[in-house]
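Using the numbering used here, you'd call the opening residue of the sequence shown number -1 and step up by one each time.
Check the hints yourself; a few may be wrong.
Unchecked claim - DEER-style ranges, computed between Cβ atoms: (1) His30 x Asp108: 32 to 42 Å; (2) Pro86 x Gly155: 12 to 22 Å; (3) Pro103 x His154: 17 to 27 Å.
Hint data in this document are derived by calculation from the structure and do not stem from the laboratory.
Heads up, the beta-carbon is just placed ideally off N, CA and C, and yes, glycines get one too.
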Amino acid sequence: MRINLIAALFAALVPLVQRTPQFQAVSKETSHLEWPTHFQGAPLTPAELSAVDQRFALSFPGIIKRFTFESGGVLIRHLTSATRKLHPSSDCFRGAGYKVTPTPPRVDRDGHRWGCFNASRESESLLVCERIYDPAGEEFSDVSSWYWNAIMGRSHGPWWALTVTQPHTRYHQPTNLTVPHTRYHQPESQLNEIAAVSPGTTNLRVN
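Modelling step: build the complete structure from the supplied sequences, incorporating the hints.
Encoded structure:
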């Protein structure tokens, strides 16, 4: 039931987002990108796009992929230009009927800053953390600061926008998500790993 709720949430978490149905079959336009394969040692499962999501993706300036794992979900968007179509995750959760409560930003072990919030609805309680970064290493923990820096030319794309969602009951267990750095000029560059930590701390561990 919980997995179904997470999957349903991600369907709402985007009119703005999703992915192709075949995980291994990368489209021609994304063949130069490397996408995640595992979270906390478990395989990520690609989620199907609804008809509405597919129509939205046609006008989205980038690529959208959505994955689920045993207790949560990961949303990854690859953008090639600044756009108002990249919405804050908090807006999506509010639209889905969740109560959103901001939490202190979390900093991972590499010094990357994540914007986080709690999302609750009835008996469901989630921690959601997001981050956007560019090839030069400029990073943003909220969509608004990313957008204006991109518009003003202070950050140059393409960008990766990452959103990790998990139930609170899982936070005591370290979790890992392998996600890519940009590979346009350095095909052999290392991948970034993300891990969530307990809600009582201010650090989101990312290897």
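These are the hints, each one checked on the structure:
no. : hint                        : verdict
1   : His30 x Asp108: 32 to 42 Å  : violated (24 Å)
2   : Pro86 x Gly155: 12 to 22 Å  : holds (18 Å)
3   : Pro103 x His154: 17 to 27 Å : holds (24 Å)
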